[in-house]
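Chains as they are written, first to last, in this note's numbering: chain Z, 2 to 208; chain E, 2 to 208; chain X, 224 to 526.
Hint data in this document are derived by calculation from the structure and do not stem from the laboratory.
It is possible that some hints are incorrect.
[Unchecked claim] Using 20 Å as the maximum straight-line C-alpha spacing, the simulated DMTMM-like pairs for lysine to aspartate or glutamate come out as follows:
| hint | chain 1 | residue 1 | chain 2 | residue 2 |
| --- | --- | --- | --- | --- |
| 1 | X | 326 | Z | 181 |
| 2 | E | 105 | E | 49 |
| 3 | Z | 105 | X | 324 |
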Amino acid sequence: MNGRSNETRRAVEAVIMAAIEPVEPSMLAQLIEIPTDDVEALCAELAEEYERSDRGFVLARVAGGYRFQTHPDLAPYVERFVLEGQNTRLSGPSLETLAIVAYKQPVSRAQLGAIRGVNAESTLNTLIQRGYVAEVGHDPGPGQAILYGTTSTFLEQMGFDSLDELPSLAEFIPDASVVEALERGLHLRPDPEPPHAEAIELDASTD
Amino acid sequence: MNGRSNETRRAVEAVIMAAIEPVEPSMLAQLIEIPTDDVEALCAELAEEYERSDRGFVLARVAGGYRFQTHPDLAPYVERFVLEGQNTRLSGPSLETLAIVAYKQPVSRAQLGAIRGVNAESTLNTLIQRGYVAEVGHDPGPGQAILYGTTSTFLEQMGFDSLDELPSLAEFIPDASVVEALERGLHLRPDPEPPHAEAIELDASTD
Amino acid sequence: MSYAVRTSTFEGPFDLLLHLILRQEVDIWDVSLSELVDGYIEVIERMDHVDLEVATEFLLIAATLVELKARRLLPGIASIELDEELLRFEERDLLLARLLECKTFQDAAKIVAQRLERGGRSVARRAGPEEPFRSLAPDPLGRTSLEAFTAAAGRALAPREDPVVSMHHVAPIRISVRDAVEVILLRLPDQGPITFRELVAGIDERLEVIVRFLACLELYKQGHVELEQIDNFGELVVSRCDDPPDPVLDSVSLDDWGEEPGSPETDDTETDDAETDGTETGAFALDAPLELSAEGADGEVRV
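When you get a sec, could you build the whole thing from the sequences and use the hints?
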């Protein structure tokens, strides 16, 4: 847009290039002395411009700020360069624990164990080691259990601007057919007959 | 030039963007599988392109390699950002890792991970980058793990004359009652034999 | 830094149960429980090492299932009273709720995995500012006080709480149903209802919650409290009965829950023991419907 000088745009590029972490729009606004809204608009324009001119990098909005990062298309080249399979995949159980922490944070080990059932310990340690999860405080209650939550590294890795971008947990609640299947599996038959009876009754109806 | 595909150009941009140190042309050539001369030509083109489209960053050839850096015009903004912006304090985790290195040096990454338990990898890299920690030798044992210790920069910044000035560790190691409470947390009873082999190892870690 | 390598598809009893039920490979009540146990043991044997938590938790679930199943086999079940039946549903619902929760997070984890994978394809620029800006930046360590540094050392080098091996299933939980009954009677308001959730607020020991739940059932049986749960998964509301049939608690019935756990017996290593123990102590008598799981909670199910 014409309202903003060329220098403003260039300053935004320079500052983000010099940063190590995502730069918050408010920080850019303060440095360059323009309204935060303008920063946001400017960054959106820049991102689009890079995309249009088919650059090998993108201007991404993650963890509450802007940063330059490589275009996902070029992962094969970048991975060869950024040694050590830094991106070794998390195991299924670790992912589940991570999902629970993400949705239930702040959460104690005991609470995690109650939901996850087993192995919460070792998977949580893996996640802490990866920097996805960290201590975020103590339970005010007796025992003062350590509480855990996700980190900005987690947001950065997910490519999320904030936790609000997590899809609602409601989306994953099993639908009626799953619930029914489970209920069938767990059914209690009120009939006096021994279990060899053929009929499979859904006695949930007696509720 | 037409001879080179768009992807090659984008790959060069991506790799340089991901790098922390300037990337040597030979390295780029090897990664992208093109002759080194082509890399040089490509980078010259890219530098010109950024200049022409008036970007806030430049592709500079420094120390025998290529890297993105801020455009000299924009120095005032970058200066202000560096002075007021991010990274003016060490994060808690970084400081903790630094403390371990200071007290336990020389120490390997594996040992660090065992003590720290969390994210030692990335915090150690930060500390090396800042010049507080450096390689000081190799473990004589098998594997020859790299050992790390603190640098003279560390001493200077902490205002220490020598490492002898580090306060005695005993001052902050929790007293016996805390250790006991932790052991109680393990739910271990004075059983004649420990319920699980792991418990022995864990106990050992409290000394 | 070695992590346990997971060689199996199933991470725990809930995963396994979920899988079995959803594939309709098994109707929990029609399959012999030993089949389930065998299947599980097979899974455990394929693991590199037996995970204590996995194994013990499975025994707890198995014990609950045995109990539910055995109760259905008892003669005279037709004459079972409505409240008995409701109790069975409640128990079933607890299991169902946990299975649903397990499934929910399994699905949520898939999205997290997708996003992480996508995010992992980009690498952020971390080079930071070049010289001369780099040396312009104030040295962060120079701004760190000695106090902050030593505090960090204390945090980092203190014996960590983290490597706690949870032995909750192994070490007997000290609280008994009898104790829990007393606690509940103390905490129940003289008038008006209180939710079960409030009764267990602040307790994060799962078995303790279960014991408190069992205590509620016991009080209900003896006519000291009313229980109400309007919806499936809804709040369980507990209120004191104005005129219990016998103001004095039936001590014999309380004893059915087992004595205060003393020193643990040593050799209950087999799953079969859970079954035998239960039967021997009259666990399936209708007036103590949840005895077996209570025994499990009180530490008789051990590996």
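Checked hints:
no.: 1; hint: X:326 <-> Z:181; result: 13 Å, holds
no.: 2; hint: E:105 <-> E:49; result: 50 Å, violated
no.: 3; hint: Z:105 <-> X:324; result: 12 Å, holds
Against the hints set out earlier in the document, a violation occurs for number 2 only.
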